[in-house]
Every structure is written in structure tokens, then in C-alpha cells.
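Undergrad: Chains as they are written, first to last, in this note's numbering: chain A, 1 to 342; chain B, 1 to 135.
Treat the hints as calculated values from the structure; they're not laboratory data. Backbone N, C-alpha and C define an ideal beta-carbon position, used for all residues, glycine too. Treat the hints with care, as some may be off.
Which residues of chain A face chain B? A partial, calculated answer using Cβ under 7 Å [unchecked claim]:
#, residue
1, Glu73
2, Tyr175
3, Thr178
4, Thr187
5, Pro338
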Amino acid sequence: MEYKKTYDQINEKLKNGEAIVLTAEEVSKLAEEASPEEIVKQVDVVTTATFGAMCSSGAILNVGHADPPIRMEKIRLNGVPCYEGLAAVDAYIGATACDPDNPEYGGAHVIQDLLEGKEIELEAWAKGTDCYPRKHIKTTININSINEFTLFNPRNAYQNYNVAVNTTKKMVHTYMGTLLSNLRNATYSTSGELSPLLNDPEFRTIGIGTRIFLGGAQGFVVWPGTQFNTTKPKNEHGIPVGNAATVAVMGNLKEMSPEYIQAAYYEQYGVSLFVGIGIPIPVLDADIAKRVSIKNSQIETAVLDYGIVGAPKIGQVNYEQLQSGFIKVKGKKIRTAPVASL
Amino acid sequence: MIKKRFVLSFPPQSGDKPLSYHLVKEYDIRINILKAEVYPGKRGSLLLELHGKVVNIEKGIDYLEKHHVSCEPLDKKITHQAEKCIHCGNCTAVCFAGALTMDDSWELNFDKAKCVVCELCVTACPLKLFNIDFN
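Looking at chain B on its own, in the form it has when it is part of the complex:
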């Protein structure tokens, strides 16, 4: 069993199908919706945590992609220019999900697996080093 977060992008024609229902019923995946933005008739974005067997998650993602929903692992959608980071801690102040923390030597540690795409770090970073592509 693994747990992994994906950003799903729905084109307009896929918005009316209960795709997540099929992930549960047919692929035995536990889903957790962490963030959703739906613009009916236009597009939708979903941050989904998938918890299940590796093979089932792979099949589930194939199923989604057949229905024209793109699935990108969350860590590919977030960039942090770590080489420019000065470890000031401002981003950790707003990260209630616990993805951004200071380690024992007061350097920034970013555990993308815990990110819930609240995007508060994007504005909190005084050097503007975060970029999150959710839409």
C-alpha cells in the first residue's frame, strides 16, 4: 500500500462524470480530496491523495487519463528554488500542513508529500522562491 498525492486537471467534457467514484469502487483506492477548484463548463482541478496498492493506483491513473484527465504527481507541480533559500523560516510560519519545517540546524526542510497546496508559502516567502501550478 502506498499513499501519493496527485493534481488532476479536468477538461470541460470530463467534469460531469463521477470519476473518483470509480477509483474507489473498481480500483479499491481510498481517496482524500485535499483541494478542489471547479469551474463548470470550463475546467476543474483536484488535489487528490490516493491510498492503495501500487498496481491499483497505476490502473486508476490509466483510467483517469483515458477520460482525458491529466494526473501529475504533486511534487512535479511545486517548485522551490532551494539554492536561493536563506532559511529565514517565513514559509514555515504559514505551513499548517507541516510540509515546510526547520530542521535541527535551522535549515529549511520541504516534505512535498505533506503539501496541501494552500499556496500560503508562495506569498509568505520574502524571496518569492515558491511556484505552485495548480490550475
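Chain A on its own, in the form it takes in the complex:
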């Protein structure tokens, strides 16, 4: 009879300090000697993580009411536009938002500055109503002065992502970094066998309500991420080749740490936000033990040519090759580099 564990049993072990917790890398190493049936007996939780630029991120703010109050209809935070169509003093600032005249400072920087305790200039305009008579306000806010500061990222932690190269004669600037001409470099952003959604590719344990590590604090998976796609072709190890599933996540920014939330600017591309996400996977049975044991050599992804509009696929490689520093595409040896922290 198959050995199985329940969430309650694992939580009890965690409470008593008896749980065995391994990283996804450690369990992949253990799997070289141990079978999934043995791993499910030996290991209780496997931790996975990623720390990469995730453009589809942002924060919900409630800045509190002024006296006399204003129903903010146009809002700028340090000059960065944010979404104002949410009641009087709610706003959503997207990580990639920016003033076109100052493209190197965007919503991600506002989020980071607030997180670091800096003062941010808030300017807002309104037509003035009977109940909200004020038409203009210019003041400063900080992380303590605002009521709520909630990270809400519609699409994070891509299950797998493609490798970027450039076959053209011209250097290109992308969100996958600077791609040199004539296939002189290749960049990849997925953390391979450490990547959360690659360790639970069928989402048996990750779903709405899953408690996660988000930006240094507790956060939650709240929904499937945008562009969630489970129809991508899978290899023989059940791994989608290329970008597939995603998660939407939420958490309280007031509890987060600037160590795991970092604004970024990509030359000639724009602003993005590095987000640190960790997802624990309970080892409930042999199937999950097998999934979390996935190795870099078993995870494949597509190599896309970002020099050409439409980014056609020109090759396929695995993460063991990518992390070795070189891949071979079209008969050419290409130097690789990560563009997300490992």
C-alpha cells in the first residue's frame, strides 16, 4: 500500500519542529539515490524559489483622507502616474508605470522607495464635489502614513520561460537583458529545478490560498496569473517547454523587506520589479516526491530569437546546459547568462 501523508500530519511535524525541509536542489540531489517512495518517507516539505524581474506587479494604496477631502481623479506619486479609478483615495500603482519624460523612474521605484521608508510626493487633482470639495492636493506620504500598502501582482513566477538570443547584426535591448548581435549571448530567467511551478507542474498543492514567501513576508497565491496557459506542449517529464502557467500573488508590503523587492530599469525597455517568491511544497505522496525531484537536465525550454519581430523559436535546450555557461544553437556555441538571481 502506498505511503501517504496529510497536510495535518505535516503541519503537526512543523509545529513540533520535527519536519524535514529540503530545498528543491537538495531533494533533486537526494533523488539520485532515493526512490520517490523513499523520499516521501524522508522529506516533509520542499522549498522552491525565484527572484526575477516580474513586470506584471504593482501595489494597492489607500492614502487616507485630507481635510477637506478630495476625490482623487488624477494621481501622481513622485511624478509617476497611478490608476485613480478606485473610490476617493484608493489607487493602484503598476510597477512599469512611468512619466514618459522620466522613463528611468517608475512605479517599481515608488514601491521600493516607500518600502525603504522614504517620503513620496503625492499630487492629485479633482473636479470637486459636494462631499469632496477639494480640487488639488500636493503633500508627502510614507509607508507609515498610508492606511494600506498591498502588493498585488497579476502575473508572477512563470512556470518556465524561454531563452533569449539575437541572430541579427544589431544589438537589441529587451526585458531579457542586452542581447549581443550574431548569437553572441543567450539569457534565461527561470531558476530551473528551483522554480516553484516546475516542482508542482500539475498544481496539486499550489492554488488559490496557498501561503507563500513574498518579498520577505507571508503572502498568498490569490488566483491563476494572467496568461495562465496549461496547453503548452510538455516533455516526457511532464514539464511544459516554454512559458506556461503563472500565479497572481498578494501580500502586505508593510511587512516586506527591500531585500526581496527591488526596482529595476532596463535600457531602452523600461521599468520592472524584481520580486522574491518562495513556495513550499508538501511531500504528500510518491507522485509529488517524484515531481519535486525534477532535475535541471529534465527541464527544457525554447530558444527564441528576440532580434526578429515575433521571436521565432530556433532551438531547445535544458537548464543543465544553460547553467553550464554555454548552449549550442544552430551549431553555434553560445555563452549563457541568467537574468534572475539564483
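Fit chain B to the given chain A structure using the hints.
TA: Using the frame of chain A, we list chain B on its own:
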């Protein structure tokens, strides 16, 4: 014998003298020009690798400085705010000289001795942590 890279800054009046020729002939230094920017009548900058005996390189640099050419070791001209680095790897993607690499624990390693001042890392770093003073 040592090998060291220097950034040479030429004032307008020194631009017309074959100074590097004297480094070779009189001080037995092997020179390798890695980068040059010359603005006739205004100024010039040269990234030079000097390969020779320590004493000869010291003399060669004295010679250059007597001719009003300032010589700064390359590593003094490059700054990287390592304490703010998140080890994302973007700079290593563009560093064809091999000065910026990821080590075994996926942390950034910067070997300034290999830098050729292409300056691609300055724009590739999403946190803008590099500064190179070549001109």
C-alpha cells in the same frame, strides 16, 4: 613581469607625441591598446595594458606623467556598488571580456583586470550600479 591596465588621459598638447613608442623602445614594455578615444586639439583617452618588469612600468609611467599624461590604474576608474548588487546576472550577459562572471554559488564576481571598458555593463545593469570614468 607583470601585466596591468591603465587609463591614460592626454591633454591637448600631448596628443601629437608618439609616447607609446617610447614605452616600447626605452622601457621594454609590451603595450596592448584596448580602447582609444582621440579628439584632436582637445583631449584623448587610452586604455593600455602594460606588460613588463615592475621597475620598467614604474619608469614608463613617470615618463608619461612628465609629458602631462595622467595614468590611472583601470580598477580606480571603475566602480561597482557591490553592496546593492542582487546578482541577477544581466551584466555577465554582455561582458564578452569575461571580467563579470557568476561564481559557483551564483554570485557576481568582478575581475577588473579583465575589463576592456566596453561600458556595456553600465547600461545592462538594471540597478545602474556601474560607473566607468574613461573620458
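Undergrad: Against chain B, is A/Thr178 within 7 Å by beta-carbon distance?
TA: It holds, given that the least Cβ distance between A/Thr178 and chain B is near 5 Å, below 7 Å.
Undergrad: Tell me if A/Tyr175 is really an interface residue toward chain B, meaning its C-beta lies closer than 7 Å to one of theirs.
TA: violated, 9 Å
Undergrad: Can we keep the A/Thr187 interface hint, with Cβ of chain B closer than 7 Å?
TA: Holds - the Cβ of A/Thr187 comes within 7 Å of chain B, reaching about 5 Å at its closest.
Undergrad: So, as I understand it, the hint says A/Glu73 touches chain B; can you test that by seeing if any CB pair is closer than 7 Å?
TA: Status violated, d = 33 Å.
Undergrad: With a cut-off of 7 Å on the beta carbons, see whether A/Pro338 makes it to chain B.
TA: holds, 4 Å
Checked against the numbered hints above, the structure breaks hints 1, 2 and satisfies the rest.
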